[in-house]
Amino acid sequence: MHIVLVDGHGAEHKLEALEGWRVMEIIRDHGYPIVAECGGACACGTCQVEVDPNWAAKLHEPREDELDMLDENYGGEWSRLSCQILMSEELDGLRVRLAPISVKEAA
Amino acid sequence: MTQETITTDVVIIGAGPVGLFAVFELGLLDLKCHLVDILDKPGGQCAELYPEKPIYDIPGLPVVSGQELTERLMEQAAPFNPEYHYNEMVEELRKNEDGSFHLKTDGGLTFHAKAVVIAAGGGSFQPKKPPIPGIEAYEGKSVFYSVKRMEDFRGKNILISGGGDSALDWTINLEPIANSMQLIHRRDGFRAAPDSVNKMHALVEEQKMKFHLGQITELHGDNGQLTGVSVKGNDGEIFQVECDTLLPFFGLTMKLGPIANWGINLNENLIPVDTEKFVTDAEGIYAIGDINTYPGKLKLILSGFHEAALMAQAAKRYIDPEAKVTFQYTTSSTSLQKKLGVA
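Those sequence lines, one after another, are chains A and B. Each residue of the first sequence is one higher than the last, beginning at 1 in our numbering. Each residue of the second sequence is one higher than the last, beginning at 1 in our numbering.
Please note: incorrect hints may appear among the correct ones.
[Unchecked claim] The calculated lysine to aspartate or glutamate pairs, modelled on EDC-like cross-linking and capped at a C-alpha distance of 20 Å, are: (1) B:255 x B:91; (2) B:104 x B:92; (3) B:104 x B:83; (4) B:53 x B:165; (5) B:32 x B:83; (6) B:297 x A:64; (7) B:129 x A:66; (8) B:255 x A:105; (9) B:232 x A:29; (10) B:297 x B:57; (11) B:232 x B:242; (12) B:53 x A:50; (13) B:53 x A:65; (14) B:210 x B:195; (15) B:141 x B:151; (16) B:129 x A:89; (17) B:232 x A:89; (18) B:156 x B:274; (19) B:53 x B:68; (20) B:129 x A:50; (21) A:104 x B:268; (22) B:95 x B:283; (23) B:141 x B:244; (24) B:324 x B:268; (25) B:104 x B:195; (26) B:297 x B:274; (27) B:299 x A:29; (28) B:53 x A:105; (29) A:14 x A:89.
[Unchecked claim] Derived list of chain B stretches under chain A, where covered just means 3 residues or more per stretch with a C-beta under 8 Å from a C-beta of chain A: (30) 48-59; (31) 125-133; (32) 155-166; (33) 245-253; (34) 271-282.
Just so you know, the hints here were simulated from the structure itself, not pulled from any lab data. Quantities reported herein were computed from a predicted structural model and do not represent experimental measurements. Even glycine gets a Cβ: it sits at the ideal position worked out from N, Cα and C.
With the rest of the complex left out, here is chain A (with noise of 0.2 Å):
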């Protein structure tokens, strides 16, 4: 299983994915400088990626908090949180581009 991670500058990377595991987790956990400052609660929006068009109807409708989080960080028609995204069978190849917002500063 995996998903196919678009990085800040636009190169692609396949990632190894584990059922059940959130995207940002996966993201975090091969070392891709995501923000996800709140660890997956639903609560700052720096996990937000844009799905790619033709994997969204594929994802569950946002609940009411993730909707929050995406009018605080100005989500588009594709974004999502990925902290709520959970891996499963569906989902393998899912494709995401992570979002500006999401992208850790350079230290």
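With the hints as your guide, set chain B onto chain A.
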């Protein structure tokens, strides 16, 4: 305005859970603390990001909200009479020749402390800026991320952007003094208190203000003075909104802030410490909680509590090298119980 320098044993930067617990551990060792926090309330991330969300991994509290944990920690620290300075950001931190420290906040408070504890979590909370091209040129002139003085907005043609409490509260509060008021939000659902949303809708009904659905894509104006914005509506159509003042309210985010300027060794915006004293590369300056890093570090509140306990021992020895620090339990030590006001 010059204020008298506050003299104390320890200044703790950050009044989140770990900073609050440090008051307790330092207090048991007779060290008096002042806490400085950029927020207007204690609790740090627990208060700002998830006050109502349950936390399940605090030992002995199977479930507790961020708000309740903060209140409990305040209560636990209270016997040591800590002093809290909110809405202040420590800008300067300097070591004096005698090993003590000088600190200065953006609000002009100055401290003289024997030791400093950085418990700043992810850094300082600052307003999130919407990613609109060229917005920097307008900031402080016609785009503002907070309202310091309401009078500054009298007679303005104001556009507020956002759907949380700040956006709605300021829409309602500034409407009577503004020349015109408009609110823009990306959907017809709000995070703000339902009562505020109802008030806003009532103002729209009374034609005292306008509400738009969409997102600002472009700013128009000259020399930092806004004349209007382009908005992408939810149908994808672009429309224009005239205004001379824009107030974006998109919540807060954490930035490292001035910590980077204090000459302390940093690694990827974290402060490396040892795991015995939790001291930084500057003797007398400690770092605990989410802001520090060491091999095996876990960003857990409970790890920060442990770090606070060990740090307190080290800080005591730094401040008073002659003192005999005896290790005692609150369960059995009458001297500790006296300090807690329970014996």
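Hints versus structure:
1. B:255 x B:91: The hint holds at about 13 Å.
2. B:104 x B:92: 5 Å, holds
3. B:104 x B:83: The given pair, whose Cα atoms are some 16 Å apart, holds under the 20 Å limit.
4. B:53 x B:165: The hint holds at about 18 Å.
5. B:32 x B:83: Measuring from Cα to Cα gives roughly 9 Å; hence the hint holds.
6. B:297 x A:64: Distance of about 33 Å is beyond 20 Å: violated.
7. B:129 x A:66: Given that 20 Å is the threshold and the Cα spacing comes to 19 Å, the pair holds.
8. B:255 x A:105: Holds: residue 255 of chain B and residue 105 of chain A sit about 9 Å apart, inside 20 Å.
9. B:232 x A:29: Given pair residue 232 of chain B, residue 29 of chain A is violated - Cα atoms ~36 Å apart, limit 20 Å.
10. B:297 x B:57: With a Cα-Cα distance of about 16 Å, the restraint between residue 297 of chain B and residue 57 of chain B holds, given a limit of 20 Å.
11. B:232 x B:242: Roughly 14 Å separates the two Cα atoms, so the pair holds.
12. B:53 x A:50: 26 Å, violated
13. B:53 x A:65: Distance ~11 Å between residue 53 of chain B and residue 65 of chain A Cα, so the pair holds.
14. B:210 x B:195: Cα-Cα ~18 Å, so holds.
15. B:141 x B:151: 15 Å, holds
16. B:129 x A:89: With Cα atoms ~37 Å apart, residue 129 of chain B and residue 89 of chain A exceed 20 Å; violated.
17. B:232 x A:89: Violated - the C-alpha atoms of residue 89 of chain A and residue 232 of chain B are around 36 Å apart, more than 20 Å.
18. B:156 x B:274: The given pair, whose Cα atoms are some 54 Å apart, is violated under the 20 Å limit.
19. B:53 x B:68: 10 Å, holds
20. B:129 x A:50: 19 Å, holds
21. A:104 x B:268: With Cα atoms ~10 Å apart, residue 104 of chain A and residue 268 of chain B stay inside 20 Å; holds.
22. B:95 x B:283: 9 Å, holds
23. B:141 x B:244: 10 Å, holds
24. B:324 x B:268: 37 Å, violated
25. B:104 x B:195: The hint is violated at about 40 Å.
26. B:297 x B:274: 11 Å, holds
27. B:299 x A:29: 14 Å, holds
28. B:53 x A:105: 27 Å, violated
29. A:14 x A:89: 16 Å, holds
30. 48-59: holds (count 3)
31. 125-133: holds (count 3)
32. 155-166: holds (count 3)
33. 245-253: Per the Cβ count (3), the hint holds.
34. 271-282: Since three or more residues must qualify, the claim that chain A covers the segment 271-282 of chain B is violated, with 0 doing so at under 8 Å.
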